[in-house]
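The sequence shown lines up with residues 107 to 227 when you count with this note's numbering.
These are calculated hints, taken from the structure and not from any lab test. Each residue gets a CB set at the ideal place from its N, CA and C atoms; glycine is no exception. Mixed in with the good hints there might be a few duds.
As the list claims (entries may be wrong) - Have a look at the derived ranges for each label pair, beta carbon to beta carbon: (1) Gly-205 with Lys-154: 21 to 29 Å; (2) Trp-155 with Ser-218: 28 to 36 Å; (3) Gly-122 with Leu-156: 15 to 23 Å; (4) Thr-150 with Gln-175: 14 to 22 Å; (5) Lys-154 with Gln-133: 29 to 37 Å; (6) Lys-157 with Gly-205: 30 to 38 Å.
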Amino acid sequence: MSKKKIFVSFDTENDGAFKNIVVGKSQEKDAKFKVANWSMKPDTKNSKWLKDVKYKVTRCDMLLVMVGQNTYRAPGVIKEVEFATTANMKIIQINAKGGDVHAVNEAGVAYSIEDLTDLLN
Numbered sequence: 107m108s109k110k111k112i113f114v115s116f117d118t119e120n121d122g123a124f125k126n127i128v129v130g131k132s133q134e135k136d137a138k139f140k141v142a143n144w145s146m147k148p149d150t151k152n153s154k155w156l157k158d159v160k161y162k163v164t165r166c167d168m169l170l171v172m173v174g175q176n177t178y179r180a181p182g183v184i185k186e187v188e189f190a191t192t193a194n195m196k197i198i199q200i201n202a203k204g205g206d207v208h209a210v211n212e213a214g215v216a217y218s219i220e221d222l223t224d225l226l227n
C-alpha cells in the first residue's frame, strides 16, 4: 500500500517549527503517510506563487493545517485551504499550540495535537 501524501500548511511567520512535528511522525517506521515538503514563503499577490502552490497542494492526498495563534489570518494558509477545498481534498486542522486557537475558516474542526497520528494513518 502506498503512503498518503500530506501537504502541511502553516503560518510561516510564526509556526514553522510545527511542520517538523509532522515530518518527524512521517519518518516513524509504521507511518502510513509522507510529507510533501514543499513549503514556500507565501506571496499571494504573485501569480507564479499561486500557480505553483495550487499545483503542489492538489498533487497531495490531504492538506494538514497546523493551527497556531494567527494561522487563521495567514494569507498563504487561506489560499492553500481554498485550493484544497476547490479540489475536494480532505483537510485536517491540528491545534499545534494547545489551548484556545481560532481555526481556519472552511477547513473544518481543529483537533488536538495528540490526535495527529490517528488522523493521518
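Now for the hints, and whether the structure bears them out:
1. Gly-205 with Lys-154: 21 to 29 Å: violated (37 Å)
2. Trp-155 with Ser-218: 28 to 36 Å: The hint (28 to 36 Å, Cβ to Cβ) holds, given that Trp-155 and Ser-218 are roughly 31 Å apart.
3. Gly-122 with Leu-156: 15 to 23 Å: Cβ of Gly-122 to Cβ of Leu-156: about 21 Å, so the range 15 to 23 Å holds.
4. Thr-150 with Gln-175: 14 to 22 Å: holds (20 Å)
5. Lys-154 with Gln-133: 29 to 37 Å: Between Lys-154 and Gln-133, where Cβ atoms are some 31 Å apart, the hint holds.
6. Lys-157 with Gly-205: 30 to 38 Å: Because 36 Å falls inside the window, the suggested range holds.
Violated hint for the displayed structure: number 1, the only one.
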